Amino acid sequence: MQINIISDGLFGKRAFENIGQQFTCRWVMVPYSGSGFMDDVEIDLPPCDLCISYARHPDVILAIVEQGIPVVVGITPGPGLVRQAKGVNPNVASAPTMCSLEPTTGCKEIDLYAEKFGLPGFVTTVENGTISGIEIVREAPCGSTRGAAAECVGMTLCAETLRHFGLRICHHCVAPRFGKTCDKEVSGALHVRQLLHSIPNEALAAAGLEKFSDEMDQILEEFRKKQAGSV
8 MQINIISDGL
18 FGKRAFENIG
28 QQFTCRWVMV
38 PYSGSGFMDD
48 VEIDLPPCDL
58 CISYARHPDV
68 ILAIVEQGIP
78 VVVGITPGPG
88 LVRQAKGVNP
98 NVASAPTMCS
108 LEPTTGCKEI
118 DLYAEKFGLP
128 GFVTTVENGT
138 ISGIEIVREA
148 PCGSTRGAAA
158 ECVGMTLCAE
168 TLRHFGLRIC
178 HHCVAPRFGK
188 TCDKEVSGAL
198 HVRQLLHSIP
208 NEALAAAGLE
218 KFSDEMDQIL
228 EEFRKKQAGS
238 V
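The end of the sequence shown is residue 238 by the working numbering, with every number in the run present.
By construction, these hints were calculated from the structure, which means they are not laboratory data.
From a predicted model like this one, the values you see are computed outputs, not experimental measurements.
It is possible that some hints are incorrect.
[Claimed, not checked] Here are the simulated SDA-like pairs of lysine to any residue, each with C-alpha atoms no more than 20 Å apart in a straight line:
hint : residue 1 : residue 2
1    : 123       : 142
2    : 115       : 86
3    : 115       : 129
4    : 232       : 90
5    : 123       : 93
6    : 20        : 154
7    : 93        : 74
8    : 123       : 222
9    : 232       : 86
10   : 20        : 178
11   : 93        : 63
12   : 123       : 33
13   : 123       : 157
14   : 20        : 38
15   : 93        : 111
16   : 123       : 24
17   : 93        : 66
18   : 93        : 65
19   : 218       : 229
20   : 20        : 153
Please model the complete structure; the sequences and the hints are all you need to start from.
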């Protein structure tokens, strides 16, 4: 599958490098303006099966969507633009964070991509209270998952280690802090929750982490409700 990573120059380079390890990727530059409107936006995209857009300007995003190619919108000014984009092109996906996309959109190209990049998936092994291995099934496109997970192997399974993991995700994440439609704090909590879900129940119980796991679920449920209320 050919993927075009579309950027106005500020975001997307790390995603291009990381996604390019799994798919054939092309870097495509588009214009940007600090003004609210851009007149006569024309986007000439090379042929591809899927676009992943890191463009920031609403008019440019809509011009990309109008090409009729499946699009994952990585940056949006808000849910209103997402609704407008889907009205133009039904094969548009925009998750709350790029690391919360799941392969359940119904669009073949988007779901094929989201099998590899999106909501983190792990297979975690624990031996004698120590994290002995973390296999990454699915990861964030920016590469933060792989870097942070590698640091946890060999560490004691405990709340402190999991908090360290979440903080390292926040450090590597390129999303803004307290962002409108993408948020590095949410990304960190999401990764921790997914890692917890991959740990065998007996290991969680032995480490006394059941309550911590429930707390992470609650944090993300509150975020989900907040996002639903803003749409």
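Against the structure, the hints:
1. 123 x 142: holds, 13 Å
2. 115 x 86: Measuring from Cα to Cα gives roughly 23 Å; hence the hint is violated.
3. 115 x 129: Violated - the C-alpha atoms of residue 129 and residue 115 are around 23 Å apart, more than 20 Å.
4. 232 x 90: The given pair, whose Cα atoms are some 18 Å apart, holds under the 20 Å limit.
5. 123 x 93: violated, 23 Å
6. 20 x 154: Measuring from Cα to Cα gives roughly 16 Å; hence the hint holds.
7. 93 x 74: Cα-Cα ~12 Å, so holds.
8. 123 x 222: Violated, because 27 Å separates the two Cα atoms, which is more than 20 Å.
9. 232 x 86: Holds, because 14 Å separates the two Cα atoms, which is no more than 20 Å.
10. 20 x 178: Since the Cα atoms of residue 20 and residue 178 sit roughly 17 Å apart, the hinted pair holds (cutoff 20 Å).
11. 93 x 63: Answer holds: residue 93 to residue 63 is near 17 Å, not above 20 Å.
12. 123 x 33: The hint holds at about 18 Å.
13. 123 x 157: holds, 18 Å
14. 20 x 38: holds, 16 Å
15. 93 x 111: holds, 16 Å
16. 123 x 24: holds, 14 Å
17. 93 x 66: holds, 14 Å
18. 93 x 65: holds, 13 Å
19. 218 x 229: Holds: residue 218 and residue 229 sit about 17 Å apart, inside 20 Å.
20. 20 x 153: holds, 16 Å
Hints 2, 3, 5 and 8 from the earlier list are contradicted by this structure; the remaining hints agree with it.
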